[in-house]
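Novice: Chains as they are written, first to last, in the numbering used here: chain A, 1 to 261; chain B, 262 to 569.
The reader is advised that the hints may include incorrect statements.
What the hints assert, rightly or not - One-sided and incomplete, this derived list gives chain B residues near chain A with beta-carbon spacing under 10 Å:
| id | residue |
| --- | --- |
| 1 | Arg287 |
| 2 | Leu290 |
| 3 | Ala294 |
| 4 | Pro342 |
| 5 | Arg404 |
| 6 | Thr405 |
| 7 | Tyr416 |
| 8 | Val437 |
| 9 | Leu478 |
| 10 | Pro479 |
| 11 | Leu501 |
| 12 | Tyr545 |
To be verified - Computed beta-carbon distance windows for the label pairs:
| id | chain 1 | residue 1 | chain 2 | residue 2 | range |
| --- | --- | --- | --- | --- | --- |
| 13 | A | Pro118 | B | Leu351 | 54 to 62 Å |
| 14 | B | Met306 | A | Pro144 | 34 to 42 Å |
| 15 | A | Ala243 | B | Ser420 | 34 to 42 Å |
The set of hints was computed from the structure by calculation and includes no laboratory data. Just so you know, even glycine gets a beta-carbon here, dropped at the ideal spot from N, CA and C.
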Amino acid sequence: MSAYLSFTTITGAPALVNYVTMFGDPAFWSALNVSLFYSLSSTLIAVGVGIGLTYLLTQEIRGKGILEILYILPLAVAPIVVGVLFSPSSVWDDIQQFLHFILGLPYFNELTPSFFFPVIIFSESWEWAPLIMLVALSVVNNIPKQVFEAADLHGATSLQKFRLVVIPAIFKSPVMQFVIVLRFIDAMRAFEIPLAWSNWLGYTTTPGSPVDTISLYLYKLLFSSSQGFPVGVVSAAAITLFAVTLAGTTVLLRLLKTVGG
Amino acid sequence: MDKLKGVSGSTPDKPARAKNGRRRGRLLLYAVAILAAFYSFWPIMIMGLEGYNIDLGPIFAGKALSFQLGGLTFAKRAIIPTPYYYLQALGIEAYPRLVGDTLLVAGIAVALALAVGIPVAYVLARVDVKGKGAIAYLLLALRTVSQYVVIIPLYIAYSKLGLYNSFTGIAIAEQVLILSVVVWMLRGFFSDIPRDIYEAATVFGKNEWQVFKRVVLPMVLPGLVVTVLFALVLLWNEFLIADTLTGVATRTVAVGVWEGMSINQLSFNALAWDSLNAAGFLAYIPAIIVMLAIRRYLAKGFTFGLAS
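Could you put together the complete structure from these sequences and hints?
Specialist: What follows is the structure, encoded as structure tokens:
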């Protein structure tokens, strides 16, 4: 139905007018750019951090149970609350005070794009790294004990074992590939964290702000647009997002297949 | 000089050095593990503390009660711990109502998703279909659909049907959202049941429905519980659909936390920082308890039947 709506207008203008409007809107291109960069980098960081946490939990250290619980904690925070957590006046306020008074550094400005954009990406990864970790841990549990024993026999250090045995197994696992792709897909539709930040930054109603992902761009277009209720354009953009995500998913799956075999 | 060191190091005291190195390695490992723990729970702890009106900034400044900074006095951010904001959030009429509404919406949505998802997942796991990869890919494609593709048609339809701002309306929309996850997870749990069991049951003359009800359902029950709980957490945290399709009267918790909880001016203001943190923390607690309870099975649920 959305596909149908994307070809219709209230005034009965020619069918492709919505797509023409959309592609002519610089805010749309900026949002598409932001979305792609956001989802790719946050997925990459989440995978990196998740595998790092897996490394820690597969070593022989005490208190693994407690550590695992602590590492999982971010997983259940509502995304909109993640936007609140990493806002300037929550976590960054305290970090600023710490850096300033304990380490004697000058205050930094949280409201510049070179600061807040990495923070937004980081918060997305912060929330989802534990999921990667959980899946990676289950992969590790399925590796036969003999493999590690053989590695020990050859005198492999724990880092070598992890690099040469565990990491290839993780990326070979179809489940892990699936979860990584899933993370990319969900990040393409990311909405809550950018919404919170567009609020902190004062971009509440202007589409095309530097934190607008496609979903947020559509939200602003739909609910605070001067052009009324542009259902056709929004549908067109939603369909385009769907197409882009699907294409990205296909490429990513291919890529993971060739990497992991 | 360097050469000499290398020689003397490589012969007699090699074990000692290796031991030393290992100890240093272990220390480093512990340090990183603890740092990673901080990284994970620090923001959440801040949220919990700020709900109690405890701000860590002044402590770092070395002046807990008030301090001057460039002509600004930070005295009003002094630390006076108070449960006020939590009591306020729990005490006002709005919060319990939000929780009830959310559970109602999520309950309907999960029930709908199960009604559709169980048969689909069962057939996918039970019947040998040729293009297994293609079906997995199709399910993945279902997930790539933007929420707006669901929201806009429903928005228009609901305005005409009078379902806008109704529990049923939101539940139907959210069911679409979680359906793919439910099908995946259930398919994984169904695939875990060995083939022989189906065959044995069929040999004993049971029909398909009896096999499902008597044999498969009891075996898959733990997986079913995990799936339901996971879907409930997803819906508890869901924001976009809940925000766009609800009015003030049918808000869910996530929306309520963000926009301020009350219908009237019964208190809670989204701009009041401590209230926002307290409400966010309260919403977080049940979700994390459920998540921790199912964490062992979650990874198993995420196999989607692909591992077999």
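Novice: Would you mind marking each hint as holding or not holding in the structure?
Specialist: Here is what the structure says about each hint:
1. Residue-level restraint check for B/Arg287 holds (minimum Cβ-Cβ distance to chain A is 8 Å; threshold 10 Å).
2. Contact between B/Leu290 and chain A, as hinted, is supported at the beta carbon level, the nearest pair being about 6 Å apart and thus within 10 Å.
3. A cut of 10 Å between beta carbons decides the hint on B/Ala294: the least distance to chain A is about 5 Å, and the hint holds.
4. Taken as an interface hint, B/Pro342 does not check out: its beta carbon lies about 16 Å from the nearest beta carbon of chain A, beyond 10 Å.
5. A cut of 10 Å between beta carbons decides the hint on B/Arg404: the least distance to chain A is about 5 Å, and the hint holds.
6. Interface hint at B/Thr405: satisfied, since its Cβ lies 4 Å from the closest Cβ of chain A, which is below the 10 Å cut-off.
7. Taken as an interface hint, B/Tyr416 checks out: its beta carbon lies about 8 Å from the nearest beta carbon of chain A, inside 10 Å.
8. A hinted interface residue such as B/Val437 counts as satisfied when its beta carbon comes closer than 10 Å to some beta carbon of chain A; here the least separation is about 12 Å, so the hint is violated.
9. Interface restraint check for B/Leu478: the shortest CB-CB distance to chain A comes to about 25 Å, outside 10 Å, so the restraint is violated.
10. This hint is violated: B/Pro479 has a C-beta 24 Å from the nearest C-beta of chain A, more than the 10 Å allowed.
11. A least Cβ separation of about 5 Å between B/Leu501 and chain A falls short of the 10 Å threshold, and the interface hint therefore holds.
12. This hint holds: B/Tyr545 has a C-beta 6 Å from the nearest C-beta of chain A, less than the 10 Å allowed.
13. Range check, A/Pro118 to B/Leu351: Cβ separation about 36 Å, and the 54 to 62 Å hint is violated.
14. A beta carbon spacing of about 39 Å between B/Met306 and A/Pro144 agrees with the range 34 to 42 Å that was offered as a hint.
15. Distance hint check: the CB atoms of A/Ala243 and B/Ser420 are about 27 Å apart, inconsistent with the given range 34 to 42 Å.
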